[in-house]
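Peer 1: The primary structure of each chain is shown beneath.
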Amino acid sequence: MFRALLDALTFQAGYNAALVVLGAGLLGIAAGSGGTFLFLRKRALISDAVAHSTLPGVGLAFIVMVMLGGEGRSLPGLLLGSALSAGIGLLAVEWITSRTRLAEDTAIGAVLSVFFGFGVVFLTIIQTMSSGYQAGLEGFLLGSTAGMLFNDAVVIAIGGGLAVAFVVLLRRPMTLVSFNPEFAAASGVDVRRTDLAMMGLVMAVTVIGLKLVGLILVVALLIIPPVTARLWTERTERVILAAGIIGGFSGYVGAALSASAPHLPTGPIIVLVGFALFVLSLLFAPARGVLAALIRHRQFQLRVHRRQGLLALAHNEAIFDKLTLAVLRREGLIRQDAVATDKGRAAAAKTLRDESRWAVARQLYEDEAVFARYDGLTPIESVMTRDEIAEIDRRLGPPAAAS
Amino acid sequence: MNSAALELASDRGRRVVLPTPAESPLAVRELTVSYGEKPAIFSIDATVPAESMTAIIGPNGAGKSTLLKAALGIVPRLSGRVLVFGQPLSEAMHRIAYVPQRASVDWDFPTRVIDVVLMGLYRELGLLRPVRRQHRERALACLDRVGMADFAGRQIGQLSGGQQQRVFLARALAQNADLYLLDEPFAGVDAATEKAIIDVLKALKSERRAVVCVHHDLATVAQYFDYVLLINVRKIAEGPVATTFTGENLQKTYGGRLATTHIDQLKLPAA
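Chains as they are written, first to last, in this note's numbering: chain U, 1 to 403; chain D, 1001 to 1271.
Treat the hints as calculated values from the structure; they're not laboratory data. None of these values were measured; they are calculated from a predicted model. Every residue gets a Cβ at the ideal spot worked out from N, C-alpha and C, and that includes glycine. Hints may be right or wrong, so weigh each one.
Not the full set, but computed from the structure, chain D residues with beta-carbon under 8 Å of chain U [to be verified]:
1) Thr1032
2) Ser1034
3) Lys1069
4) Leu1089
5) Met1093
6) Val1105
7) Pro1110
8) Leu1125
9) Gly1147
10) Ala1152
11) Gln1155
12) Phe1186
13) Asp1190
14) Ala1191
15) Ala1192
16) Ile1198
Now the stretches of chain U that chain D is said to cover, found in silico as 3 or more residues with beta-carbon under 8 Å [stated by the list, open to error]:
17) 186-194
18) 267-274
19) 320-327
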């Protein structure tokens, strides 16, 4: 199994497997970076409507191509059909949202199910047609790699490359619109067109991902990578980059995994690899991870003890709490016998001073104090600007008055 | 059409600078906006004087923010015209900086303070021009003007409300515009921030730029502004604070919603 996986990862597991692994990696990069804006715009769910709206297009394209006497399963034809019907689905969502009182989630639900229903009806009709080529259309639901051709890989590579280029080209207006559409409009960005471009990008990724991961799972490739990337960074451009890398890695490793053992479906394995990365990130990401939050909580506890200890020192009170003593000792603020060092006395004076500053701050900024960290635990310099502190000190009077 | 300006000229014989649409940083004519069948603002004429600080005042739901957005073309106009420095909006958009309401964005967005200010340079940077050191330095200088230079690398979610408002103002400063439109810049900010913001706005005015604020705090109008526009869906009055910000006009604007005692407390200049 491991040997087979290594072969698949290094494109040695046969021609078809190599194409699938390469295609899935490229698709993952395009989907991850393209899906980021959808996530930032808080419209991730619309990708579900787009994906489900592709199905009637696939069916109709097949029927039309057969009726014209051609090969019903020609991939470019099927993709064109799916793109057209996905576009109509997207416009339907837009129209319902802007022209009726229905909210976007309702519009998405309605469009998704109706289009999917039409799609299934078309597929059923095709089953009864006598052309005999219909086998394989179900692959568009959950993806299939069995009959992947070189041309299919080329379609994915070109489409994915275009999608990435599109992201690079439009990242600024799309970021502006995602963060603050009104400001974007006032800065000369055409918000409607940028939104359409964003949706067009999602549509393109969905359509080129249809064959490989299927319409039901392609949504995961659009959403999981940006959500995972968001856990690691606080900067938009890095979220885009990281989402591309995470998506690409999921596609590449997932496809290789499924190629390395019989009967492992490609699309689902890709999604599960992405999900594994998400879980790891959720646990271990530095700033937003669960573990980091636990550590921060512990550090917060230590800060509480440090402040209480220092205030006790400032007031010449005895300290009994073991944790408080340990914290102060470790920082060299008190000696082994709990007597304050010079450093400890200075820190105690500063804590006392800041304590009175916080008291003034809480009066000055009544509304803010409820939400912000005006707790006396955070260094005041990191929460307020210099002029804000100067204003507090002015009200407080000279330092001597504080004690 | 220029009835507002004419009214001013006859105002108690004082010398009043007549704003004409051609010179005015922002002139709207018969501006009407409606989200449904009930107009949000109805047939508003207004002419903001050059190098002034104008307050747009009115009760909740009076259409103050809508007026600002319609003047910027962010919400579609049902009818009416907007002239910016005598030109149609489409030709003068680049001379306007806009500060939207603080609550209009998600502050958990993955971006840093300096990145938000750099958004103000979008017109210059366009799609692909790289952000160079000079751009960063300009953004930092704008942050410095609002007292936030030390916060440049912070994630915006860590800011207090007042600091968020300062960042928005810094972004508008980066746009280096001639007309500044601000939507409730003093709403829910602390005293130090209010002072920092008003200092910057007054500096803008002394740099011969025009400032228009949607404003809600009647107590500070006379202190901060020199021109007022009172609206409640329709325009009630416009003119210099000294002559227009009167108890009578406020009563007309707010109807019964403003107690007479409240108006008395405002120490109006010409009540």
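Peer 1: Should the hint that Ile1198(D) touches chain U count as held when the rule is a Cβ pair under 8 Å?
Peer 2: Violated, about 13 Å.
Peer 1: A closest beta-carbon separation below 8 Å is what the hint needs, so does Asp1190(D) meet it against chain U?
Peer 2: Hint on Asp1190(D): holds, closest Cβ of chain U at ~4 Å, below 8 Å.
Peer 1: Let me know if the C-beta of Leu1089(D) comes in closer than 8 Å to any C-beta of chain U, holds or violated.
Peer 2: Hint violated; Leu1089(D) Cβ to chain U Cβ min 11 Å, cut 8 Å.
Peer 1: Interface hint check: Ala1192(D), Cβ to nearest Cβ on chain U, cutoff 8 Å. Holds or violated?
Peer 2: This interface hint holds because 4 Å falls under the 8 Å limit.
Peer 1: Does the nearest C-beta of chain U fall within a distance shorter than 8 Å of the C-beta of Lys1069(D)?
Peer 2: This hint holds: Lys1069(D) lies near chain U, its Cβ roughly 7 Å from the closest one there, short of 8 Å.
Peer 1: Holds or violated: the hint that Ala1191(D) contacts chain U, with Cβ atoms closer than 8 Å.
Peer 2: 6 Å, holds
Peer 1: When the nearest CB of chain U is found for Ser1034(D), is that gap smaller than 8 Å?
Peer 2: Constraint on Ser1034(D) not satisfied, violated at 15 Å.
Peer 1: Can we keep the Pro1110(D) interface hint, with Cβ of chain U closer than 8 Å?
Peer 2: 5 Å, holds
Peer 1: Should the interface hint for Leu1125(D) be scored as holding, given a Cβ-Cβ cut-off of 8 Å against chain U?
Peer 2: Cβ of Leu1125(D) sits 7 Å from chain U, so the hint holds.
Peer 1: Hint Thr1032(D) vs chain U: min CB-CB distance below 8 Å?
Peer 2: Result: violated, 20 Å to nearest chain U Cβ.
Peer 1: Quick one, is the Ala1152(D) hint okay against chain U at 8 Å, beta carbons?
Peer 2: 12 Å, violated
Peer 1: Per the coverage rule (Cβ-Cβ under 8 Å, at least three residues), is the region 320-327 of chain U covered by chain D?
Peer 2: Per the Cβ count (0), the hint is violated.
The structure is inconsistent with the numbered hints 1, 2, 4, 10, 12, 16, 18 and 19, although it conforms to all the rest.
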